[in-house]
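Work out the full structure: start from the sequences and follow the hints.
In order, the protein sequence lines correspond to chains A and B.
Numbering-wise, the working numbering comes out as the position in the first sequence, counting from 1, plus 4.
Numbering-wise, the working numbering comes out as the position in the second sequence, counting from 1, plus 801.
Everything labelled a hint here was simulated from the structure, so no lab data went into it.
Because the structure is a prediction, the values reported are computed rather than measured.
Where hints are given, some of them may not hold.
[Stated by the list, open to error] Quick list of the computed label-pair ranges, beta carbon to beta carbon:
(1) Ala139(A) x Val927(B): 48 to 58 Å
(2) Ser100(A) x Pro997(B): 51 to 61 Å
(3) Val248(A) x Gly892(B): 50 to 60 Å
(4) Thr175(A) x Leu922(B): 55 to 65 Å
(5) Thr27(A) x Leu842(B): 52 to 62 Å
(6) Ser100(A) x Arg824(B): 18 to 28 Å
C-beta: ideal position from N, C-alpha, C; glycine also.
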Amino acid sequence: MLGPNGAGKTTSISLMLGLRQPTAGQARLFGLPPSDRRARSRCGVMLQESGTTSVLTVREIVDVFRAYYPAPLLAERAIAMAGLTEKADARIGTLSGGQRQRLYFALAICGDPEILFLDEPTVGMDVEARRAFVASIQTLADAGKTIVFTSHYLREAEELARRIVVIDRGTVIADASPRELKAQVPGKKITLTGSRPLTRADFDGLDASVLRLDRDRASLLSNEPAAVLRELFRRGLDLVDLEVTGADLEEAFLALTRRPDTAP
Amino acid sequence: MSAPGATAPLGRMLLAQTASELRIRWRIPAFSVTIVALPVLFFTFFGLPYVRQTLPNGTSLGAYLLASFAAYSVGSVMVFGFGIGVSTERGLKVDVLMRATPLPPAIAILAKVFNALAYALLSLVVLIAYGVLVGGVRESPLVWLDMIARLLAGSLPFIALGFSIGYRCGPNVAPAAANLVYLPLSFASGLFVPLPQLPAFVRRIAPYLPTYHYGQLAWSSVGAAAEPLLTSLAWLLGYTVLFLAIALRAYRSEESRKFG
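Dropping the structure here:
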């Protein structure tokens, strides 16, 4: 589930987990209300805004969480999959931010769930932790587990997901495979400086979306930069500076999620 | 992976949860040491000098004062343990993650209650042993067992009071709130200094306080209760209902704010 900050990713996850009640409609997990203990026994959760005691060790808290599930993984296995074996006997209070994130992952998987909900799982992880995490996610997916995770990095979603749902302000704006989604997203960024102040009208009817417009400078996103430039020159636009680069995926994604009514 | 519909046995959850609560509390000396040391310290200052005296009805003043501090100690474990414990957990957002697990909230609360009862028992055993061995207070062991059983069984209103503080106050405010509520209650009920030595207006207020009636449970064990047991129990039950209502209200308003 992909979307910019404030898109409603955490709210959606909370609804799916029964942590929040929908104002309309209903959420069902395995055909049960998500708050049903039988449903919760089959899912693992990693939340952004949550904490845990600091005085237990990693192994101790994993063992407590294992007791909540009918057929948990061995503690050693859950800790190893989270890449925390070396820290198994360390108190939680001594863990770094990234290690803490791995601990939450260990707690999410220790019940051997069929479905995992991970809200922004890689936030705060260093490169090493992220690599271990990605490997574990792939192992779990290969074992047939369903993994729902949120991210605001298109790259991360592309790398890990088979299906990407893009949401913005609580609305689904795209639901596709990474490949399909990529085709919908413009691939090139055109940055140009005109000899006079530019207006939105200068770019009307072009096969491009305006990313930024600031007096004489503009940046556009397009999959057809050559055609766009040809049309601009045909209209007689005098350019002082021009640059065409591969679109930054974040920016491309931003253009996709931006509704017309908020465009600058 | 488990069969669809399978859940972990509640007994196993309760055991693991209680053990971890005990461990967590044990590793926070600010709690475990305070809860055991303070009543002993108070008894040393307010009780030891008078252990050889007897009350007009023949009860040993030492036993009477030990009973007072026993009541104080159990109440404080409950009010401080739950008050500060619950607010700290809320501050750390432990509750958010726990809510998403299959652990039923009732089991989590029951584990906290068992944990608090265990620490209350520890505190009582240390205090009574100190009173007997160091203070030379002489009563039959059955009297102490009876007192321990009464105090633990009657601690419900203070558990509820602790919960209402824990759900109403943030982690920075809860310790002060617990002190501000519990210490005056204890003083004004004659748990530190016997009631006859307190100002007249305090003596008039005392019979309306939960700590006063809780004290009666302990004093009745040593034959010095000022009212029938049923009266004490009725008052304690009333306060339990009142505090539970406050706790439940605070809990609900938090629920709707956080998870609504």
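Now the hints, each set against the structure:
no.	hint	in the structure
1	Ala139(A) x Val927(B): 48 to 58 Å	holds, 51 Å
2	Ser100(A) x Pro997(B): 51 to 61 Å	holds, 60 Å
3	Val248(A) x Gly892(B): 50 to 60 Å	holds, 52 Å
4	Thr175(A) x Leu922(B): 55 to 65 Å	holds, 56 Å
5	Thr27(A) x Leu842(B): 52 to 62 Å	holds, 54 Å
6	Ser100(A) x Arg824(B): 18 to 28 Å	holds, 23 Å
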